[in-house]
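As given, the protein sequences belong to chains L and V, one line each in that order.
Count the first sequence with the numbering used here and you get residues 1 to 78, in order.
Count the second sequence with the numbering used here and you get residues 1001 to 1482, in order.
Keep in mind that the hints were calculated from the coordinates and are not lab data.
All figures in this text were calculated on a predicted structure; none of them were measured in a lab.
All the pointers check out, no bait thrown in.
A partial selection of chain L residues facing chain V, derived with a Cβ cut-off under 10 Å: (1) I18; (2) K20; (3) C46.
Quick look at which bits of chain V chain L covers, simulated, 3 or more residues with Cβ under 8 Å: (4) 1190 to 1199; (5) 1202 to 1214; (6) 1315 to 1321.
Just so it is clear, CB atoms sit at the ideal spot from N, CA and C, and this is done for glycine as well.
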Amino acid sequence: MDPTIKDFEAAIAELETIVKKLEDGDLALEKSLELYERGVQLSRFCHTRLEEAEKRIEILNERGDLRPAGQIFSKDDK
Amino acid sequence: MSSQFDLFGAPEPEPEPEKEPEREPVRSVSPVARERQRVVLSVSDLTANIRGILENAYSEVWIEAEISNCRLWNTGHLYFTLKDPGAQIKAVMFKSDVRSLKFKPEDGLHVIVRGRISVYEPKGEYQIVCERMEPHGLGALQLAFDQLKRRLQAEGLFDEARKRALPSLPRKIGIVTSLDGAAIRDIIKVLGRRYPNAHIVIRPARVQGDGAAAEVARAIRDVVKVAGIDVVIVGRGGGSVEDLWAFNDEGVARAIAASPVPIISAVGHEVDFTIADFAADVRAPTPSAAAEIVVARKEDFCNHIERLSHRLTGAVRGSVARLESRVHLLNRRPGFAGWSARLAMRGRHCAETTHALRHAAGASVHRRLRAFQTLRLQLEQYDLRRRLGGVRARLVSVDGKIREAAMLRHHAAGARLQNSAARLDSLSPLAVLGRGYAVVWDESRTRVVRRSSEVKPGDGVRVTLSEGELTCEVVKTDGSDN
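Same shape as in the complex, but just chain L (with noise of 0.2 Å):
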């Protein structure tokens, strides 16, 4: 994704300086929206990558070997 945004903890700590400069004002337009537009990209970024992981057990074998697990608890979960 965005190579400029590293990783959850650095998006929310930068989006957290972003809010908090945006509220104190006394910005420019110009520089205003530029921090909006960045804060919407981490806003972004952050629920994408809630939203992109999809439902998935594994089971990881002796030899290190990762399989699909679902059938083993589909079955008797109902």
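Place chain V on chain L using the hints.
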């Protein structure tokens, strides 16, 4: 088993009285039969006899005593002394039995041992060979637990400073537990309900019975190596103290402490802490609770993002609104308000210029035509026959040029006129009139009156309004420059 040994426990005090009578016969017999029945034994024979007697009489004994001089030799055998305030006995426990001990024997420990008496002939020493040992008072497991806890604590393995923070958004969750237990189902149920797109990697391990601790420790080491795992839940459902014992293992504690990712322990009951709980970064009372902790991190993260996004939009709206109100204020300032008046002035100037231009263009053409006609009259007065050829040619040429020039002028004037008209339209003087301005003309409506000095009281003036016109009379004029 213990009842069986209790039977043997009864004769236990007897060996002591036996010793004393043993000495008396020696003294009482000796004066009588010292010479006659002299049987000379070697030390080895005697010792062998003693050994036979002791080992027969004390093949199974239970002793309660305190341990001292306890030493574990390289051979794996444990040597120590068992004592009470009145006596002591040397003791040994062989390697195979030492291995089955759940706790570590140490000096000062009060124990109950089961063993047999044996004699070490080369030194003429008797000792008890212990086969079983248990702590007196506390259970063996409890003691082992306390010992391990104390040791790892002293080593700093449980220090708060070592604890890692859970990730703000756990995405790939490792789980070490048995596939057959309730724990895995509980965890998956909670995650499935509240964190549907979680990615789970299970590393199965037996969580009770022989070898379970080693399996759990290895499973922890394996699962933390899977790329992207950012938190691991290690645990099992509730059970007896013995059932949970794998989680009181030093190897498990060390695997947890060595993990590069945070570990949540989730072992059995709410109340009992295991060694794994102390070593873990976060202790959850049950497997479900461990899953809840992971979910809560995710939900906190979502809420936090949500709040920040709202604040972001709110903040930028606020700052745009502030700027907008500043623009409004500036708009109302007099410097800015004069702008439309200045525009109207320019419009009028433009109209006048256009008018003058039209006049000038017309006059110029007229002038040239008149000059041409004069020239023509003059020409007619000359001898036309003599000059006719040249003159005619020049005449034609001049005529053409003049026409051309006149046409050009005309066109240029027309173009400028159009241009001006367009500008005029865009400046829309009528619109100015629409806002209440009026144009004042002289009586013949040929000139715009710009200065009061251009008219006198009594003169008629005409006033063009946005709609219609007025004919007025000047009553009074004031100074032109005021």
